[in-house]
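Which chain is which? The protein sequence lines are A and B, in order. Numbers given in this note's numbering equal positions in the first sequence, counted from 1, plus 7. Numbers given in this note's numbering equal positions in the second sequence, counted from 1, plus 7.
Read the hints as simulated data drawn from the structure, not as lab findings. Be a bit skeptical, because a hint or two may be false.
Where chains are identical, the list cannot tell them apart; a pair therefore holds if satisfied intra-copy or between any two copies.
Dumping the calculated BS3-like pairs for lysine-lysine here, alpha-carbon to alpha-carbon at most 27 Å [to be verified]: (1) Lys21 - Lys375; (2) Lys421 - Lys309; (3) Lys225 - Lys183; (4) Lys375 - Lys421; (5) Lys225 - Lys21; (6) Lys124 - Lys421; (7) Lys124 - Lys375; (8) Lys179 - Lys164; (9) Lys164 - Lys232; (10) Lys375 - Lys28.
Number of protein chains: 2
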Amino acid sequence: MADTLTTTAASSVKQQAQAAKQAAQFLAAAPIEVRNGALAAMSEELLTNEEIILAANMLDIDAARAEGIHESMIDRLTLNPERLAGCRQALAELIAFSDVLGEVIEGRTIAQGIRMKQVRVPLGVVGMIYEARPNVTIDAASIAIKTGNTILLRGGKIAQQTNDVLVDVLRKALVKVGLPDEALQNLDATSRDSAHELMGLHGLVDVLIPRGGAGLIKNVVENSKVPVIETGTGNCHVYLHEAADLEMALSIVMNAKTQRPSVCNAAESLLIDDWAAKDLFPSIAMALADAGTTLVCDEASKAIAAAAGVPADLLRDATEEDWGTEYLDMTISVKLVSDIDEAIAHIDQYGSSHSEAIVTDDYAAAQKFSAGVDAAAVYVNASTRFCDGGLFGLGAEIGISTQKLHARGPMGVKALTSTKYILEGSGQIR
Amino acid sequence: MADTLTTTAASSVKQQAQAAKQAAQFLAAAPIEVRNGALAAMSEELLTNEEIILAANMLDIDAARAEGIHESMIDRLTLNPERLAGCRQALAELIAFSDVLGEVIEGRTIAQGIRMKQVRVPLGVVGMIYEARPNVTIDAASIAIKTGNTILLRGGKIAQQTNDVLVDVLRKALVKVGLPDEALQNLDATSRDSAHELMGLHGLVDVLIPRGGAGLIKNVVENSKVPVIETGTGNCHVYLHEAADLEMALSIVMNAKTQRPSVCNAAESLLIDDWAAKDLFPSIAMALADAGTTLVCDEASKAIAAAAGVPADLLRDATEEDWGTEYLDMTISVKLVSDIDEAIAHIDQYGSSHSEAIVTDDYAAAQKFSAGVDAAAVYVNASTRFCDGGLFGLGAEIGISTQKLHARGPMGVKALTSTKYILEGSGQIR
Numbered sequence: 008m009a010d011t012l013t014t015t016a017a018s019s020v021k022q023q024a025q026a027a028k029q030a031a032q033f034l035a036a037a038p039i040e041v042r043n044g045a046l047a048a049m050s051e052e053l054l055t056n057e058e059i060i061l062a063a064n065m066l067d068i069d070a071a072r073a074e075g076i077h078e079s080m081i082d083r084l085t086l087n088p089e090r091l092a093g094c095r096q097a098l099a100e101l102i103a104f105s106d107v108l109g110e111v112i113e114g115r116t117i118a119q120g121i122r123m124k125q126v127r128v129p130l131g132v133v134g135m136i137y138e139a140r141p142n143v144t145i146d147a148a149s150i151a152i153k154t155g156n157t158i159l160l161r162g163g164k165i166a167q168q169t170n171d172v173l174v175d176v177l178r179k180a181l182v183k184v185g186l187p188d189e190a191l192q193n194l195d196a197t198s199r200d201s202a203h204e205l206m207g208l209h210g211l212v213d214v215l216i217p218r219g220g221a222g223l224i225k226n227v228v229e230n231s232k233v234p235v236i237e238t239g240t241g242n243c244h245v246y247l248h249e250a251a252d253l254e255m256a257l258s259i260v261m262n263a264k265t266q267r268p269s270v271c272n273a274a275e276s277l278l279i280d281d282w283a284a285k286d287l288f289p290s291i292a293m294a295l296a297d298a299g300t301t302l303v304c305d306e307a308s309k310a311i312a313a314a315a316g317v318p319a320d321l322l323r324d325a326t327e328e329d330w331g332t333e334y335l336d337m338t339i340s341v342k343l344v345s346d347i348d349e350a351i352a353h354i355d356q357y358g359s360s361h362s363e364a365i366v367t368d369d370y371a372a373a374q375k376f377s378a379g380v381d382a383a384a385v386y387v388n389a390s391t392r393f394c395d396g397g398l399f400g401l402g403a404e405i406g407i408s409t410q411k412l413h414a415r416g417p418m419g420v421k422a423l424t425s426t427k428y429i430l431e432g433s434g435q436i437r
Numbered sequence: 008m009a010d011t012l013t014t015t016a017a018s019s020v021k022q023q024a025q026a027a028k029q030a031a032q033f034l035a036a037a038p039i040e041v042r043n044g045a046l047a048a049m050s051e052e053l054l055t056n057e058e059i060i061l062a063a064n065m066l067d068i069d070a071a072r073a074e075g076i077h078e079s080m081i082d083r084l085t086l087n088p089e090r091l092a093g094c095r096q097a098l099a100e101l102i103a104f105s106d107v108l109g110e111v112i113e114g115r116t117i118a119q120g121i122r123m124k125q126v127r128v129p130l131g132v133v134g135m136i137y138e139a140r141p142n143v144t145i146d147a148a149s150i151a152i153k154t155g156n157t158i159l160l161r162g163g164k165i166a167q168q169t170n171d172v173l174v175d176v177l178r179k180a181l182v183k184v185g186l187p188d189e190a191l192q193n194l195d196a197t198s199r200d201s202a203h204e205l206m207g208l209h210g211l212v213d214v215l216i217p218r219g220g221a222g223l224i225k226n227v228v229e230n231s232k233v234p235v236i237e238t239g240t241g242n243c244h245v246y247l248h249e250a251a252d253l254e255m256a257l258s259i260v261m262n263a264k265t266q267r268p269s270v271c272n273a274a275e276s277l278l279i280d281d282w283a284a285k286d287l288f289p290s291i292a293m294a295l296a297d298a299g300t301t302l303v304c305d306e307a308s309k310a311i312a313a314a315a316g317v318p319a320d321l322l323r324d325a326t327e328e329d330w331g332t333e334y335l336d337m338t339i340s341v342k343l344v345s346d347i348d349e350a351i352a353h354i355d356q357y358g359s360s361h362s363e364a365i366v367t368d369d370y371a372a373a374q375k376f377s378a379g380v381d382a383a384a385v386y387v388n389a390s391t392r393f394c395d396g397g398l399f400g401l402g403a404e405i406g407i408s409t410q411k412l413h414a415r416g417p418m419g420v421k422a423l424t425s426t427k428y429i430l431e432g433s434g435q436i437r
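Chain A extracted, bound-state conformation (with noise of 0.2 Å):
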């Protein structure tokens, strides 16, 4: 019997994924006027249907609460009139962002006269592998119809019901301005089978793209077949170099650690100039305990915040796994370096390449961290949590990559498109 049940998931999910290559070509002809329609009628249909769709959101909430899990997914996973105006706000800018298919790359005249130009183009089929948060679900099929895509959704177990009627309601768009409605589907999240028969499907889904937990990413690179843009882990640093004004750190070291916790952006660690640490680190290691912060130390830097007044109850001896930790909460590791080598070495040797920032007053220190900080996005005297799509001007986000292929940090519009070369002659062989 399991053997059957797996066979029809995966027949499923292949039938789903040949379908979406069908419609891919129609999205890839589609013109701007037509793509920016759809994200339009998705707009409008939000709106027509939230009470459905704010209805199947309770019932996965009131299962999920039934089940056990945990406020803070309960918190993802939960949809209101608020945060459906935020995704038509999100759908509003998409709009207005200008259309990047048919971009021309680079062009010139090769060999023999022969014109070449290389072209923007859709990547074809996207595969999305995500957890609760079925906001998720609006911001990356309107991205990807906005690029001439199709995708296929896979979302959590938990969200499954919203998801269902959130992918319905925005088929409805698809097919209000002509756009077949397999270019967006929803897979069975029931089924463990469903991802698992995803990432196998090499040659009919051209990307896939994995967003949440250290877990759920470890798995989708370690087992598809299919090209994997790992997103996610953010272990951010920031670095006061010894130039470092003190008013400056203060503010950027509590924005980047305290203003939203929970997300990859914020700094997970501390790193300070020894010599410059007594001067720099008690008021700002005084600030992060009166914000609840917990300290977690290295022996030096204990000292400073201990001599400063952090109390005992806050204050932490760092171990070796502590540098590599993404904590996500209100803790921060601290640790006193030598100098900028020695930070850099640091960041390169427990970073996780996401965003990395440095105060400083010193140009050759703002050059040498630009340049030698092997990151994503590197920062002078500015706060990790800018690290965003939407803030860098790529016109959206579906997700900040940390990986160095196809896409590198916060991946807007471009990074789900590929391109084509196209050579124009006039009878040349070689």
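Since chain A is already given, all that's left is putting chain B on it; use the hints.
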């Protein structure tokens, strides 16, 4: 014992990769003068050590002959003064090609006046898994160094002695210009484990590029945890539209099929608009037959070819399998289609998205084919044989990508780069 051996091989490949990662920061920081200097030194060392290289190559050739390896493979394995001179010529062209590192791809002022720029950087550690050709060792090593990367080379077992000597020689060049020789390392090709371990080094190796037969590529795509760029398979079509010029069609078909049938950008299939086939096909069929090409035909095209005088021993009935076959020899499949839509649909179904050509004098047909065919390179009135990184002006070629992620089509120096966002502020927080 087997377990012990496996562990030893594994830890050795991992240690090599760790050394490459350590070296990567020096390569990334090396100015273009030093990287070009390394390429110039490589060229010198290849010339100085030509005798030693050819002697090692002769040992590999003798061993391969003793094992009864096919002569076509022996040919790929063979180095000689002319081929080495070709490699040195490629090095000279690569030196002349402008540096792509540091290129600002885009940039703007974002929130609160933060200045953002996206800059081109090296990928880091590149892995190559390939087969008999030792010239790939030189090509791949030189492109990696030009672009500030380190590279782990895992060539074919039958070329091991040649590759050992080549890598030794090339590493001398790195040391001469002050670069770490860990930037270029040869893996043990006598063990299958070394390839397998390389595929498992997620987090240490940034990209894996397989080059070789379909089996090798499939193995890497299915088993690698490191991001892969898929290369190779070219089931390329030439489509003769009803408005094709006969003389041009003849010239392009002959060149695409017969000039070098063993390479991936050679044509494998000929599609002809059915109502023009009686005008277009007879002379082309005879020219192909005169060149010794076997025609694998559908019923309608077979009748035309037979009537034109193609000998029966060069005519074969096409099966479903033929439409998807990359012959890589003097064989071509032939099918009549009712119109351009059927041609595009056929290419979509059976093609490998590599290089696809249309011959036509019709503007609308040229536009429709260019936009509608989903391939890395689409040719209007030119031979598919132009698909080449050097000819495209990309500085070199490390392979031809048939996937859509990261790089598509001929991969030149830019394919070995990633990007990094640098944000310069004055204390901005969110």
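Within a copy, between copies, both or neither: which one fits Lys21 and Lys375 at a CA-CA cutoff of 27 Å? neither (49 Å within a copy, 29 Å between copies)
Please sort Lys179 with Lys164 into within, between, both or neither, judging by C-alpha distance up to 27 Å. within (23 Å within a copy, 57 Å between copies)
Intra- versus inter-copy proximity for Lys421 and Lys375 (alpha-carbon distance at most 27 Å): Answer is between: at 24 Å across copies they meet the 27 Å cutoff, but 29 Å inside does not.
Is it within, between, both or neither when you check Lys375 against Lys28 at 27 Å Cα-Cα? Between copies, since 19 Å is at most 27 Å while 46 Å is not.
State whether the alpha carbon distance between Lys124 and Lys421 is at most 27 Å within one copy, between copies, both, or neither. So Lys124 and Lys421 pass the 27 Å test inside a copy (18 Å) and across (16 Å) alike.
How would you label the pair Lys225, Lys183 (within, between, both, or neither) given a Cα cut-off of 27 Å? neither (39 Å within a copy, 41 Å between copies)
Between the shortest in-copy and the shortest cross-copy C-alpha distance, which are at most 27 Å for Lys124 and Lys375: within, between, both, or neither? Between. Shortest inter-copy distance 16 Å satisfies the 27 Å Cα cut-off; intra-copy 37 Å does not.
Measure nothing new, just compare the shortest in-copy and cross-copy C-alpha distances for Lys225 and Lys21 to 27 Å and report within, between, both or neither. Classified as both: same-chain Cα gap 23 Å, cross-chain 19 Å, threshold 27 Å.
Can you tell me if Lys421 and Lys309 fall within 27 Å by alpha carbon in one copy, between copies, both or neither? Neither: 45 Å inside a chain and 46 Å across chains, both beyond 27 Å.
Up to 27 Å between alpha-carbons, please classify Lys164 paired with Lys232: within, between, both or neither. Both: 23 Å inside a chain and 26 Å across chains, each within 27 Å.
Taken one by one, the earlier hints fail for this structure at numbers 1, 2 and 3, listed in ascending order.
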